[in-house]
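*Asks:* Counting in the working numbering, the sequence shown tops out at residue 277, every number present.
Bear in mind the hints are in silico, worked out from the structure with no lab data behind them. Everything hinted at is true.
Between beta-carbon pairs, the in silico distance windows are:
1. 107 x 218: 20 to 28 Å
2. 215 x 245: 20 to 28 Å
3. 116 x 168: 25 to 33 Å
In silico DSS-like links for lysine-lysine, alpha-carbon gap of 27 Å or less:
4. 190 x 241
5. 234 x 249
6. 227 x 241
7. 116 x 151
8. 245 x 217
9. 168 x 151
10. 227 x 276
11. 159 x 116
12. 241 x 159
13. 276 x 217
14. 116 x 249
15. 244 x 159
16. 234 x 224
17. 159 x 245
18. 249 x 151
19. 190 x 244
20. 217 x 116
21. 217 x 227
22. 276 x 224
23. 241 x 217
24. 241 x 116
25. 234 x 245
26. 244 x 234
27. 234 x 276
28. 168 x 244
29. 249 x 168
30. 249 x 159
31. 234 x 116
32. 224 x 116
33. 190 x 151
34. 276 x 116
35. 190 x 249
36. 190 x 168
37. 234 x 217
38. 116 x 227
The beta-carbon is built from N, C-alpha and C at its ideal position, and this holds for glycine as well.
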Amino acid sequence: MTPSFTERCPWCGNDELYVRYHDEEWGKEVDSDTLLFEFLVLESAQAGLSWITILRRREGYRKAFAEFDYKQVAQFDERKIEELVQDERIIRHRGKITATVKNAQIFMQIQQEFGSFYNYLYSFMPEGKRIVNSLKDLKSAPTHSKESDAISKDLKKRGMKFFGTTICYAFMQAVGMVDDHLDSCSFKN
89 MTPSFTERCP
99 WCGNDELYVR
109 YHDEEWGKEV
119 DSDTLLFEFL
129 VLESAQAGLS
139 WITILRRREG
149 YRKAFAEFDY
159 KQVAQFDERK
169 IEELVQDERI
179 IRHRGKITAT
189 VKNAQIFMQI
199 QQEFGSFYNY
209 LYSFMPEGKR
219 IVNSLKDLKS
229 APTHSKESDA
239 ISKDLKKRGM
249 KFFGTTICYA
259 FMQAVGMVDD
269 HLDSCSFKN
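Modelling step: build the complete structure from the supplied sequences, incorporating the hints.
*Replies:* Pasting the structure below:
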């Protein structure tokens, strides 16, 4: 629900898609492994690009990657990867596409080990809880944290690609592990 007087974080500007993402998703806690996998795929694809570029292709990613069904994605073979490299609905970067398939396999291994990917992620969080930062302006917003450093280091050790600490921190913001809405934002939790 949108507050009657709305103050937003300035990073979303006036782009309708960005505003809707900010208002409805960004910083809201996600506990669904399927949705966590979706953001893992999207954030990994974003490496080196702007988030709005990925948001505009989100539906293409949804169709290309089996509605973000990680069990199906983990089974993608070389023929399917080649097909995706030609798919104009997504970023056609072979390395990122191949990494997405491998990351899906690692994602499932982590689920087996921890019961869920959500449990794994929150094992790195202080007292297993989300972090709510107090931010006056965008300049004071962090780009990584000791938690994102630890998660990305552990995932890299497990073989995950395109998920360094900065991408990991953006992922944590997206899925509500961290609330970095400015203190003045109407959507601050």
